[in-house]
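Asks: Residues per chain are reported as follows:
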Amino acid sequence: MSRYSAFGLLRGAFNGQKHWQPAWRDPEPKTHYDIIIIGGGGHGLATAYYLAKVHGLKNIAVLEKGWIGGGNTGRNTTIVRSNYRLKPLHDLFEFGLKMWEHLSDELNYNVMFSPRGAMFLGHSDADMTKLAERGDAMRCDGIDADLMTRDEVAKLEPLLDMSRSARFPIEGGLIQRRGGTARHDAVAWGYARGADSLGVDIIQKCEVTGFIRDGDAVVGVETTRGRINAGRVGICVAGNSGHVAGLAGIKLPVESQTLQAMVTEGVKPMLNSVIMSQSLHCYISQSDKGGIVFGGDPDNWPSYAQRGNPMVMEHAVAQGLALVPALSRLRMVRTWSGVTDMSFDGAPIIGETPVENLFLNGGWCYGGFKATPASGWTYAHTLATGKPHALNAPFALDRFERGATIDETGTGPMPNSR
Amino acid sequence: MTDVTITLLPASPLHALEIWSNPASVAKRFKAACGFALPATGCSDGNDKLRVIRYEPTVWLVEGDASALSGILWDDGALTAIGGGIVRIRLSGDGWRTLLMEGGVFDAESPSFAAGCSAATIIDHVNVRLHVVDDDICDAYVPLSYSEAIIHFWKTAALSLAL
Amino acid sequence: MINFSFDGKNYTAQKGDTLAAALLRNGIGLVGRSFKYHRPRGIMTAGVEEPNALVTIGEGGRTEPNTRATDVFVYEGLVAKSQNRWPNLSFDIGAVFGLAAPVISAGFYYKTFFGSAKRWMFYEHFIRRAAGLGNAPTETDPDRFSQRAAFCDVLVVGAGPAGLSAALEAVEAGKRVILVEQDNILGSSLIRDPQELDGAWVEATAERIRAAGGRILTRTTASGYWEHDLVTLTQRIAEPGQIPLQGVAQRLWHIRAAKVILATGSIERPMAFAHNDRPGVMLSQAVRTYVHRFGVVPGKRVVIATNNDDAYKTAHALQAAGAEVVAILDARPAPAGADSGLPVHNNAVPLSTEGARHCLKSVTALVDGQAQSWHADLLAVSGGFTPVVHLHMQAGGTLDWNDAAQAFVPAISRQNVTTIGGAADPKPVFKMVPVSKPKKSFIDFQNDVTLSDVDLAWAEGYRSVEHLKRYTTLGMATDQGKLSNMAALGRLAEKQGVAIHEAGLTTFRPPYTPVTMGLLAGAGAKDAGAHVRRLALYDVHAAKNPIWQPLGYWFRPRAYPAGSETLAQAALREAKAVRSTVGMTDVSTLAKFEVSGPDAAAFLEIICATTVNKLAVGRGRYTFMLREDGFVFDDGTVWRLEENRYLLTSSTGGADRMATHISYVRQYLCPHLRVSAVNVQEHYAGIAVAGPKAKVALSALIGEEPPRHMSTVPAVIAGVPVIILAASYSGERAFEIYVEASHAGAVWAACETEVMEQDGALYGLEAMEFLRIEKGHLVVGGEVDGRMTPHDLALDKMLNKTGGYVGASGLSRPALSETGRRQLVGLEAIDGNNIPEGAMLVTHEGVSPQGHVSAAAFRIIEGGSIALGQLTDGFARHGEELIATSPTRGQKARVRVVAPHFYDTAGERYRD
Amino acid sequence: MMQITCPHCGPRAQAEFVYERTVDSVVALDASPEDAMRTLFTRDNPRGVDDEIWRHTYGCRAWMVVTRHRVTNEISAIRAVGPEVLP
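These protein sequence lines map, in sequence, to chains Z, U, X and R. One point on numbering: in my numbering, the residue at position 163 of the first sequence is 163, and numbering is uninterrupted. One point on numbering: in my numbering, the residue at position 108 of the second sequence is 108, and numbering is uninterrupted. One point on numbering: in my numbering, the residue at position 57 of the third sequence is 57, and numbering is uninterrupted. One point on numbering: in my numbering, the residue at position 42 of the fourth sequence is 42, and numbering is uninterrupted.
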């Protein structure tokens with residue numbers, strides 16, 4: 001693997017950048033791997049990377065039905081934060097956030113993690129109390145969170161509508177200064193390049209079509225590129241979790257829904273942080289290319305269509321404009337949709353399944369991108385040892401039947417009420 | 001061509017008539033008591049004293065004097081007063097159809113949505129029940145709490161209908 | 001003559017000019033700067049595909065950055081500014097990025113700027129400033145945006161000859177027809193080539209369509225094709241930056257069509273050769289448009305490069321307009337173009353252009369393998385035609401490869417859509433492979449992506465077309481790859497050694513052209529699409545100038561300050577009035593359901609987790625509801641008004657959710673029950689009268705003995721029929737009066753008179769919160785947070801022992817009865833500090849919390865901070881001391897865990 | 001935005017409807033606790049056709065079962081549910 005550096009780029013100036021090698025190989029699948037990860041998104045690739053790097057495993061494959069990073073890794077709003085109210089969630093995401101801070105160096109691939117601050121706006125005293133509660137929960141567990149006054153919010157984001165007559169007047173905010181955004185594609189590519197260099201086979205255009213069983217245990221997978229045997233198999237396919245688990249006869253507590261996001265034409269810097277709201281369901285940030293990236297609610301009905309819905313989009317834009325009126329004359333240039341596996345408490349599922357040697361990492365709803373490093377790390381631990389890491393132990397699949405759900409919003413099992 | 005006038009109608013007794021069993025028998029008793037039939041979904045019937053508009057499969061909106069109904073329901077249905085929560089707004093002028101397309105999703109411009117027709121839909125986030133009174137009159141029944149907002153929306157939209 | 005300005009200088013335009021036409025008319029060739037290298041750019045097209053000529057139009061809140069000069073019609077006073085340049089357009093410091101191009105090739109960001117995240121943010125600061133094209137407005141948009149629905153049998157997109165004919169045919173067959181055209185006049189290709197059909201034909205056809213009832217929308221773009229033949233149209237009523245006549249700048253149409261006909265034509269392709277981005281290089285059909293439509297001849301000495309016949313029309317048009325066509329470079333071998341009477345060179349492809357001071361000076365081409373140059377000030381290029389298949393693909397359709405045209409054409413349609421005209425049947429072209437040096441051969445002009453960037457991405461393994469796009473940013477600019485996609489696919493295919501259609505294809509998603517955000521928001525931009533819900537008694541409250549508090553979409557009085565009282569002072573005074581005399585408050589927003597019928601009690605015993613059927617007529621009781629998973633999700637009261645008629649109340653915030661739940665249970669789970677459950681939340685306004693003098697006040701109001709606690713009677717107040725419920729949330733003897741909302745004003749006034757008679761006060765939500773906390777009553781959204789079981793909230797003794805209610809099964813899950821659960825507790829401060837609401841409960845500093853403060857208040861009469869909270873195994877920890885700490889507010893209090901009732905634990909105040 | 005043909009009102013915009021849950025996740029009132037929790041917490045969630053419960057919330061407020069393909073959004077059947085209805 002040729003190392004990436006400014007010097008390398010300078011050298012390239014004299015050879016037309018011809019010295020760069022492919023970032024990852026294009027190997028033929030072997031007949032057997034110790035561990036197969038189904039799904040070449042950020043989480044799957046990160047898992048493979050940590051299996052090789054931390055657990056020293058060498059014979060690993062990532063099977064991707066399309067092209068790596070083509071699922072939700074490439075279809076999100078790139079937000080990275082750990083500001084959750086409930087302890088199992090903020091512990092997991094905080095573990096990830098700490099990894100983000102060094103990920104570019106770790107991977108020798110600039111993932112452009114930009115901790116410009118992730119801010120929740122509060123629109124009433126009640127909102128501010130809820131934000132304080134969230135911040136206090138985080139602070140007591142050693143995670144940064146600061147309440148902001150109206151003036152501080154206005155100073156950070158001068159284009160917010162700070163008028164008292166606004167429909168959702170801004171009373172203040174809660175900021176996690178270490179939160180921010182990252183370049184989503186780079187995360188997949190960086191992990192892929194890192195994993196590949198450690199010997200992981202990344203096999204694209206290889207769709208898993210079935211599981212090979214020996215009694216109660218999974219011993220391999222059928223794919224569009226033939227049968228591949230495996231010691232352990234890890235599912236890591238986001239919106240397709242239900243589909244792939246179904247191939248093994250497992251019904252999951254997830255429902256796949258569409259989440260759409262959009263971006264405007266690029267403009268000079270106008271927003272400085274990631275803006276979210278306690279009362280509204282939109283999140284706004286500005287990309288390095290200048291586009292305003294917008295996200296809203298999921299579509300709230302099941303779908304695998306990867307197509308959005310105009311009414312949901314229009315509602316998200318209305319909310320955004322109510323907060324930042326200056327966005328009105330910008331133009332939405334591109335939309336995209338991801339299929340999210342909405343779990344029945346809003347929290348991910350990482351751990352064992354009822355089928356021996358088969359593991360699951362899914363149920364990330366629409367919050368998986370930020371967890372990529374932590375998800376990979378804990379899932380790698382689980383796959384390597386057969387047992388969950390302390391961080392993902394609360395996120396076991398059997399928590400639903402046991403009643404130990406991790407319900408951040410307190411809305412219960414129906415994903416459409418989340 | 002796109003004129004529309006928006007006026008508030010005075011409060012009137014409104015009831016929800018719900019039939020949970022033996023609908024055909026209730027309908028027979030209704031016709032005997034009131035002189036007209038219980039209308040089909042999407043339709044209204046009645047007279048100046050009593051008008052019945054069907055918006056739901058098992059529920060009719062009863063406008064006016066409902067006293068004749070309590071005796072015919074037996075154990076097959078119930079009458080519940082709901083008028084306090086509903087504001088009646090009259091849209092008059094030939095522009096009412098165009099107006100209803102603003103912020104709407106229902107085909108109020110369809111020629112088949114004619115006098116005696118009713119429909120429930122959503123306009124500018126407000127659930128609205130429509131009743132076509134005449135070619136150039138449509139009454140809207142809207143929730144009291146949203147009536148201010150929808151009237152403001154309609155009055156604003158009415159300014160630029162012709163564009 | 002129309003006056004407009006560009007970069008502060010005044011110019012004039014002709015009526016009907018686009019800004020691009022007007023700039024060319026005034027001899028302005030340099031219009032903008034590219035995104036990455038800040039290269040000087042001119043006008044390349046005459047349509048929405050324009051990648052280069054982006055300007056900022058308008059002023060103040062109407063400023064529209066990144067507006068294509070080819071897609072704005074000049075109006076009197078139009079103000080245009082070039083963008084992405086400093087200090088000015090012809091001298092732009094940012095052009096140094098061009099010098100660095102060999103270093104900052106595709107993907108260079110990924111390979112450098114390592115170190116800490118803070119360090120990346122330092123670099124990022126400069127990268128962000130250099131990127132981003134125009135400046136966003138900073139003021140609020142003064143205009144409105146309309147959203148309108150329409151339905152039709154046939155929607156025709158594109159008013160060229162094919163679209164006009166299709167629309168006419170449909171409308172004359174009696175269909176409801178809508179024809180949309182993105183231009184401001186009809187005709188499309190006929191405007192560019194008016195010789196092909198009688199010009200009057202367009203007008204006559206349009207007239208026939210209108211006469212037969214068809215609707216024609218110009219300046220309207222079909223931008224999105226969604227599910228079930230829903231097409232969104234964006235209509236410009238005013239031009240960018242223009243003051244709209246009736247306040248509406250644009251309209252978004254949601255069209256539901258039974259059938260959609262796409263007559264969207266095609267977009268001409270550029271060619272890839274060195275310095276093909278120079279001002280003075282223009283697409284051939286665009287040149288013809290400027291000549292024929294606008295009467296503007298964009299060059300005097302013109303070279304034309306083509307691989308098809310169409311460009312010869314451009315040559316003739318230019319000649320007719322007095323320009324000199326010095327060479328036609330036809331990529332096809334002889335005899336293509338031989339009989340055209342023009343200086344045709346066959347087997348000729350452009351290699352590069354040369355220029356000076358942002359103008360084209362000469363063109364070099366490879367003719368039969370030999371380089372040859374011509375002096376020229378305009379190079380018209382036609383690299384073939386790309387059918388506009390965006391909407392077809394958005395609708396889920398597939399594409400076929402048309403080898404003769406070297407283009408993708410619509411194949412299978414998934415929805416009720418067909419494509420006709422040039423979009424279905426593009427003109428044949430000669431297949432070309434770029435021969436020039438890849439480095440300055442641009443394919444994505446706006447984002448400065450060259451053939452060498454594609455080559456680099458390929459070499460580095462970014463070989464799927466989606467990886468290529470993302471790695472190079474190709475097709476990600478405001479033109480959305482309309483000109484670049486095919487060139488990139490061609491290069492990718494070349495690298496792979498496969499045919500273009502085997503190289504892959506990116507999917508098209510909405511929008512076809514960028515859509516103004518304000519238009520998407522519509523009226524919702526003002527209130528986030530969430531109307532405030534107005535109280536029936538709004539005017540009564542407003543007259544008293546209360547402090548308002550949002551609660552869901554409602555706003556309710558939070559307190560009624562007297563004189564200069566603060567919120568806290570007013571609320572305490574109001575709460576004291578309730579404790580000592582009497583208070584009244586508006587509780588109209590509570591959810592209310594009237595449940596009637598022989599099976600009403602049975603139905604309520606499914607909804608409620610408590611017993612109902614033992615309730616006597618005229619009595620009521622507290623109740624709560626579980627979700628199916630066993631957690632408490634709402635609470636309220638249930639009242640038996642008559643033998644078969646009940647009133648159920650529940651929380652304001654959960655009202656809509658409860659309405660849905662009740663309907664689901666009734667209609668889906670229990671269709672056989674003889675019951676009617678009607679939502680009467682808004683039918684009844686509610687007034688609560690509470691306090692030791694409440695009974696006296698109520699006696700005076702109703703003229704009889706008021707009902708005892710948890711009883712109900714019908715009554716009349718001020719001549720208005722009401723229902724009296726003797727229920728208490730405050731902990732005092734209290735009554736809720738329900739009255740038909742349209743008559744609530746009179747009842748409120750009568751109550752207020754009587755309350756004031758007893759030295760009482762109005763009270764708002766803040767005092768209500770104080771009162772209920774002191775009494776230890778729950779609030780949904782506070783203590784009832786969706787994660788608590790009946791046992792956690794100490795409600796389990798009230799559960800219906802016979803089960804049968806929703807949620808009974810969920811309660812049986814093991815984790816719901818394990819130790820270590822959060823349980824409801826009371827907290828009282830023991831260090832004189834106020835307990836911060838929302839604070840964490842810790843045993844000592846530095847350890848993880850074991851609970852939190854869900855609500856905090858004061859002992860209303862005696863003073864002293866008290867609170868309700870959730871604490872791990874809290875029931876067994878009464879007496880324990882903890883710290884309630886709020887690091888984000890720098891507040892803390894030492895607290896003692898106590899029972900969650902601070903007032904009248906025996907309930908003596910309810911007794912008469 | 002789909003178009004859903006309400007059994008009572010005819011074709012209407014999806015904006016008038018609210019999705020509730022799939023038919024296979026309806027917890028019967030008399031289900032055993034084990035069955036109830038299995039039903040509540042697991043789904044077929046097929047990448048294909050499923051039976052879904054929708055409500056015409058902003059129209060006639062009736063419930064219905066919509067048979068829909070989750071990838072193509074093709075609706076192959078819709079049936080009314082609820083008490084007996086007068087035609």
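Calculated from the structure, these hints are not laboratory results. Incorrect hints may appear among the rest.
[Unchecked claim] Straight line, CA to CA, 25 Å or less: simulated DSS-like cross-link-like pairs of lysine-lysine: (1) Z:K58 / Z:K30; (2) X:K300 / Z:K18; (3) Z:K205 / X:K495; (4) X:K300 / X:K15.
[To be verified] Pairwise CB distance ranges (calculated): (5) X:A542 / Z:P158: 48 to 54 Å; (6) R:D35 / X:M798: 42 to 48 Å; (7) Z:P354 / X:K797: 35 to 41 Å; (8) X:F91 / Z:T149: 42 to 48 Å; (9) X:C359 / Z:T149: 23 to 29 Å; (10) Z:N229 / X:K797: 54 to 60 Å; (11) Z:M1 / X:T218: 55 to 61 Å; (12) Z:K58 / X:A404: 50 to 56 Å; (13) X:E845 / Z:R213: 52 to 58 Å; (14) X:D368 / Z:T209: 41 to 47 Å.
We put the beta carbon where it would ideally sit given N, CA and C, even for glycine.
Asks: Starting from the range 23 to 29 Å, see whether the pair C359 (chain X) and T149 (chain Z) falls in it by beta-carbon distance.
Replies: 55 Å, violated
Asks: Measure nothing beyond the straight line between the CA atoms of K58 (chain Z) and K30 (chain Z); if it is 25 Å or shorter, mark the hint as holding.
Replies: 13 Å, holds
Asks: If I claimed the Cβ atoms of D35 (chain R) and M798 (chain X) lie 42 to 48 Å apart, would that claim hold in this structure?
Replies: Cβ of D35 (chain R) to Cβ of M798 (chain X): about 26 Å, so the range 42 to 48 Å is violated.
Asks: Can the restraint linking K300 (chain X) and K18 (chain Z) be considered satisfied, given a maximum Cα separation of 25 Å?
Replies: It is violated: about 41 Å lies between the C-alpha atoms, which goes past 25 Å.
Asks: Could one say that the CB atoms of M1 (chain Z) and T218 (chain X) fall in the range 55 to 61 Å?
Replies: Taking Cβ atoms as reference, M1 (chain Z) and T218 (chain X) lie about 57 Å apart, which means the hint holds.
Asks: Could you say whether the range 41 to 47 Å given as a hint is met by the Cβ separation of D368 (chain X) and T209 (chain Z)?
Replies: 54 Å, violated
Asks: Hinted pair, alpha-carbon criterion (25 Å max): K205 (chain Z), K495 (chain X). Please report holds or violated.
Replies: 19 Å, holds
Asks: Does 54 to 60 Å hold as the CB distance between N229 (chain Z) and K797 (chain X), or does it fail?
Replies: 58 Å, holds
Asks: Between E845 (chain X) and R213 (chain Z), does the beta-carbon spacing fit 52 to 58 Å?
Replies: 53 Å, holds
Asks: Does the Cβ pair F91 (chain X), T149 (chain Z) satisfy 42 to 48 Å?
Replies: 44 Å, holds
Asks: A range of 35 to 41 Å was offered for this pair. Does it hold for the Cβ distance of P354 (chain Z) and K797 (chain X)?
Replies: 37 Å, holds
Asks: Lying within 50 to 56 Å: is that true of the beta-carbon distance K58 (chain Z) to A404 (chain X)?
Replies: 52 Å, holds
Consistency note: the structure conflicts with the earlier hints numbered 2, 5, 6, 9 and 14.
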